[in-house]
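For this one, chain A is given, so just place chain B on it according to the hints.
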Amino acid sequence: MTTTAGAAGTGLPEVERIPPRSTRYVRDERDPNAFLVQRSVFVDEDVLAREREAIFNRCWVYVGHGSEIPEPNDFVSRTVVGRPVLFTRDKDGEVRVWYNACTHRGAEVCRERRGNARRFRCFYHSWSFSTDGRLVAMPDEDAYPEGFSKEAHRLRGPARVESYRGFYFMNVRADAEPLEDYLAGTKYYLDLTADQSAAGMVVTPGSHEYSIKANWKLLVENSFDGYHAIPVHKTYLDVQRSRGDQIAGSTDSDWKRSYAYDLGNGHAVTVKEAPWGRPIARWKPSMGEDTREIVEDSYRRLVAAHGTRRADEIAGLDFNMHVFPNLSINNIMAVIIRTYHPVTPGLMHVNAWSLAPAEESPAARRVRNESFLSFLGPAGLATPDDNEALESCHRGYASDPGGGWSDVSRGMDLDEPRNWDELQMRTFWRRWSDLVEGPGGGNGGEH
Amino acid sequence: MAATRAEIEDFLYHEADLLDEWRLEEWRDLFTDDGRYYVPATDNPEGDPDLDLALISDTKEGVRGRVQRLLSTWAHIENPRSLTRRVIGNVRVEPGPGENEVVARCNAIVYRSRVAGTTTYAARLTYRLRPGEDGALRIVLKQTVLDHATLRDSGGVLSIII
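Quick note, the sequences are listed as chains A and B, same order. Going by our numbering, 207 is the number at position 156 of the first sequence; the sequence numbering is gapless. Going by our numbering, 613 is the number at position 162 of the second sequence; the sequence numbering is gapless.
Excised from the complex, chain A in its bound form (with noise of 0.2 angstroms):
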């Protein structure tokens, strides 16, 4: 099994090939070595206030997948970044992100959740729009002066959507890169993703909506955070074990294969083989004995597909992947979803959902949710406990308010940093860094 593959790496520890910088919020130090974090990046409103300018408005958003508005006309809202947007597919085909307020007075001109429609129409005064963002009705529309524009009231809208693999971004730059040179190395692990199935991957209904009263950079280091799993989670993993699963409660017995690896532009990735079930292709005692078939059958699909070394690459290869700036992607005991949006510096709200291949057999599926639920979304056996270590983090802050450094130092000298070291995080916070406070950090990030 191929576990470099996608990998910026280039076999020299962190601390040898990438310079040093300190700034008012990052010092990534050398002689000793450490990396720390100033914690008034979680609590200072004037951060957010920057975060929102130099990344969210920056940055390519993901937004939703393909298969959640498979039909024309389908729709779905929700809020991007503090953004109301319509997720649409209009008439003739083509995903549409729209800003969800009408050109008019500014009211939303959608507050379903999703559904199907030819016309978004604003109950305020009625202006109609169409899915393709066009004002097609409004009452009385005589008494507008000469020279009234509908052209002009068209539906605003992020400058750019572009997609990959089914995965649907925004960017509200039109001078943006495009999306697939943003996304860089994480690529093969989209694809990685995309290629459990031959008839595509879709968003399973019900999705997770939540929130932690946490700043929304500590669920990006969580969300691929090796060395939590085990303090963190050990209820989830003894309920496993009491299920029959060989799991050994140490990081070096049940993470196998495990790495760490920037992706480029703040993507980064941890890959190991896990010690839970996955329902792609690795059936375990947990799941139960009368699922092994139904898990063995999508193997052999895999396999058929794509051979043997792909097919073992898709189904053996766990991975934590974040997507900068607030996409996580999953592969683990299911496949999630999930984006995290700052509403005020110390409160987050987090979507997930799961992710599954459109051809699966109604067995499958439940194997698949069981599996999912066992560890992951706001009532599973470990993520509630995430949720209490970020918010234990912001009680803690407040002991020393605007002080204290965090520790993001681990595997910095590393050859070859593992899941449970802090690479993945430290890519986060570096490119973090040259955005919020300027390239290589700014100097000295006095600003």
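Bear in mind the hints are in silico, worked out from the structure with no lab data behind them. No residue lacks a Cβ here, since even glycine has one placed at the ideal position from N, Cα and C. Check each hint, because a few of them may be wrong.
So, partial list: chain B residues that the calculated Cβ filter (under 7 angstroms) puts toward chain A [to be verified]:
no. : residue
1   : 508
2   : 520
3   : 607
Here is chain B on its own, set in the frame of chain A:
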């Protein structure tokens, strides 16, 4: 002979006490071997319980694991555990689909408090109940539909049993 509403109410109040008193193993044992505890996603309350993504979709084995976890000192979000207090009301009873089964519907208001704060959940509960071999009622299905559009302003997560 079908259970009366008073008998069903006694059962529901007993279950509420077990949960508020964190007597979770006794609560677990209320389920039949084919029993199920189901909480649909807040954006999909009418969804397919079998095929859609729920918040909780526990078989009896799932309930066992959930209780094992909640009684561990390593269930960090419930250590120390929440104080909960629930009020059950608006109980309705009708014949169930299976032999000797009744369907009970009720409303639940649950206060959950930790040092970090207090939150409230509202939910519509639907049960399928049938007598076990000892004659006492058992849960074949407990379905909890939350009256929340999202979990964001009610607890953030759902780490207790409703």
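Evaluated hints:
1. 508: 6 angstroms, holds
2. 520: 4 angstroms, holds
3. 607: 5 angstroms, holds
In this structure, every one of the numbered hints holds.
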